[in-house]
Amino acid sequence: KYYYEVFHARKLAPVELWLEKWDTRKYFQEAKLAITVDGTWCWREKWGPGMPYEIRDIEKVVGYALFPGSGAPGAPKYISLTGAYCYAIWAKSKHKDIAWELLKELVKPEYMAEWGYRTSHLVTAEDAMIGKYAEDPFLKWAAEVLKHSLPKPLIPGVKKYLTLLKRVVIDYLLPEAKTPEECMDIFAEMATKELGADKVKALPPYKL
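According to the numbering used here, the sequence shown is numbered sequentially starting from 259.
For the record, the hints were derived by calculation from the structure and aren't laboratory data.
Be aware that one or more of the hints could be misleading.
Said to hold, decoys possible - Cross-link-like lysine to any residue pairs, in silico, SDA-like; alpha carbons within 25 Å at most:
| id | residue 1 | residue 2 |
| --- | --- | --- |
| 1 | 279 | 309 |
| 2 | 259 | 419 |
| 3 | 362 | 390 |
| 4 | 279 | 340 |
| 5 | 424 | 307 |
| 6 | 451 | 432 |
| 7 | 390 | 365 |
| 8 | 405 | 389 |
| 9 | 269 | 415 |
| 10 | 410 | 389 |
| 11 | 424 | 365 |
| 12 | 451 | 438 |
| 13 | 398 | 459 |
| 14 | 284 | 270 |
| 15 | 405 | 312 |
| 16 | 290 | 266 |
| 17 | 269 | 284 |
| 18 | 424 | 329 |
| 19 | 424 | 292 |
| 20 | 269 | 428 |
| 21 | 354 | 337 |
| 22 | 318 | 388 |
| 23 | 279 | 459 |
| 24 | 424 | 309 |
| 25 | 410 | 334 |
| 26 | 304 | 372 |
| 27 | 259 | 415 |
| 28 | 459 | 423 |
Build out the structure end to end from the sequences listed, making use of the hints.
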């Protein structure tokens, strides 16, 4: 419904934005795109000093806001999605003990805070919100957003599920202006075929 409202009902953005794979970060840098949705890391890794899409005086010319929920009963007030990365030690490593000591060092609050500050990546440990990280206006705001964030589920099939959903948006909703209801039917059929009928269930008002 979000994409249908934006691209077809309200025409807030042209379908070419997705279909032609516009470089949204470049357009945002050049102030040709008024609003964009992106990850926290872009603040420094993309738009920061010396980066590919540097925006000078970014703190003065770029604002940020929480993404509002649908307003439906029981729906969250704000929407945010978090994709977490994990450290891992290879099962066949001959030096698991050394690797473990390295990981213990890497997750010390002072190192997490420094890395998070330099890259504008979020730290999820409260004791790591120290130093420059804790003083940075953008990261302080991002820490509040984290309170409303939902983690991507790390279960088998999720990546394929999301890929199928993206295909429906790009192949049907955007170019053909299929309604959200029609897109859900197409998605359900594709997901059932790819993941198996036992992996796909419908929530009211949708039916399979």
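25 Å limit on alpha-carbon distance, applied to hinted pair residue 424 and residue 329: holds, 24 Å
Hinted pair residue 424 and residue 292, Cα distance within 25 Å: Within the cut-off at roughly 23 Å; holds.
Distance restraint between residue 354 and residue 337, which requires alpha-carbon spacing of 25 Å or less: Violated: residue 354 and residue 337 sit about 39 Å apart, past 25 Å.
Straight-line alpha-carbon gap residue 424 to residue 309, limit 25 Å: Cα-Cα ~28 Å, so violated.
Agreement of residue 290 and residue 266 with the hint, judged by alpha carbon distance not exceeding 25 Å: Holds. Residue 290 to residue 266 sits at ~20 Å (cutoff 25 Å).
25 Å Cα cutoff - pair residue 279, residue 459: Measuring from Cα to Cα gives roughly 32 Å; hence the hint is violated.
Hint consistency between residue 279 and residue 340 [alpha-carbon to alpha-carbon, up to 25 Å]: Holds. Residue 279 to residue 340 sits at ~23 Å (cutoff 25 Å).
Residue 259 paired with residue 415 [C-alpha distance capped at 25 Å]: holds, 23 Å
Agreement of residue 451 and residue 432 with the hint, judged by alpha carbon distance not exceeding 25 Å: Holds, at roughly 22 Å.
Hint consistency between residue 284 and residue 270 [alpha-carbon to alpha-carbon, up to 25 Å]: Distance of about 19 Å is within 25 Å: holds.
Pairwise hint evaluation, residue 309 against residue 279, where the allowed Cα distance is 25 Å at most: It holds: about 21 Å lies between the C-alpha atoms, which stays within 25 Å.
Given pair status - residue 428, residue 269, alpha carbons within 25 Å: Holds: residue 269 and residue 428 sit about 16 Å apart, inside 25 Å.
Taken one by one, the earlier hints fail for this structure at numbers 5, 9, 10, 11, 13, 15, 21, 23, 24, listed in ascending order.
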